[in-house]
Amino acid sequence: MTTVHALTVDAGLRDLRAADHLVRTLADELALPEDVFGCTHLIRGDRPRVAVSFTFPAGAALDAVRDRLTARGYEVTDGVPDDTGRAVRYPGSSALTGTLTVADLLTRSAITRVTVLGASGAPDPGTPVVTADHVRPQWQRGELVLTVQPARGGTLVPFEVPEPTPCCADH
Numbered sequence: 001m002t003t004v005h006a007l008t009v010d011a012g013l014r015d016l017r018a019a020d021h022l023v024r025t026l027a028d029e030l031a032l033p034e035d036v037f038g039c040t041h042l043i044r045g046d047r048p049r050v051a052v053s054f055t056f057p058a059g060a061a062l063d064a065v066r067d068r069l070t071a072r073g074y075e076v077t078d079g080v081p082d083d084t085g086r087a088v089r090y091p092g093s094s095a096l097t098g099t100l101t102v103a104d105l106l107t108r109s110a111i112t113r114v115t116v117l118g119a120s121g122a123p124d125p126g127t128p129v130v131t132a133d134h135v136r137p138q139w140q141r142g143e144l145v146l147t148v149q150p151a152r153g154g155t156l157v158p159f160e161v162p163e164p165t166p167c168c169a170d171h
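Residues in the sequence shown are numbered consecutively from 1, following the numbering used here.
Watch out, some of these pointers could steer you wrong.
So the derived label-pair ranges between C-beta atoms look like this [as the list claims (entries may be wrong)]:
no. : residue 1 : residue 2 : range
1   : G154      : R14       : 31 to 41 angstroms
2   : D46       : A122      : 37 to 47 angstroms
3   : D46       : T99       : 27 to 37 angstroms
4   : G73       : G126      : 43 to 53 angstroms
5   : D67       : G126      : 25 to 35 angstroms
6   : A122      : G79       : 14 to 24 angstroms
7   : A64       : G121      : 41 to 51 angstroms
8   : G154      : D67       : 19 to 29 angstroms
9   : E75       : D124      : 38 to 48 angstroms
10  : G121      : E29       : 36 to 46 angstroms
11  : T107      : G73       : 35 to 45 angstroms
12  : G153      : A122      : 32 to 42 angstroms
It should be emphasised that the hints constitute simulated quantities derived from the structure, not laboratory data. If you're wondering where the values come from, they're calculated on a predicted model, not measured in any experiment. Ideal Cβ positions, reconstructed from N, Cα and C, are used throughout, including at glycine.
Let the sequences and hints guide you as you build the complete structure.
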């Protein structure tokens with residue numbers, strides 16, 4: 001990812017679902033263009049939390065967005081907390097619904113690579129990916145990479161599911 005301009009919003013969130021919601025809500029309320037990336041970042045240390053970032057391809061809107069977020073009471077800093085953000089909103093993300101091929105995922109969005117968990121090579125471009133309307137790629141060495149896993153009928157599914165079962169849910 002070539003970061004031209006970025007802002008991080010620390011709202012003290014404790015879980016990814018709330019951070020995903022904040023990314024989508026702020027993007028809508030601020031009328032951010034489709035080419036703005038909205039990511040989540042796990043912040044460790046004395047106060048573990050999830051921060052969100054917005055990366056802009058140009059700086060024109062950056063000052064106005066920073067001012068509007070600060071006026072709403074958010075803690076806003078320049079830049080991103082790390083280079084491994086989990087993308088919630090990115091160019092083409094709204095088109096990744098239903099079942100698509102690996103090739104479709106790559107051509108319709110900013111995702112640059114798809115990897116299969118536990119496999120050494122890239123998946124066949126014609127392999128169907130059942131998105132469950134929840135596609136969360138992650139930045140890895142400057143590439144937006146979606147990790148998938150094998151599923152029924154020769155399909156793939158994103159490794160991250162929209163409604164994960166809490167650990168030890170059956171205990």
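Which of the listed hints are broken here? Of the numbered hints, 3, 5, 6, 8, 12 do not hold.
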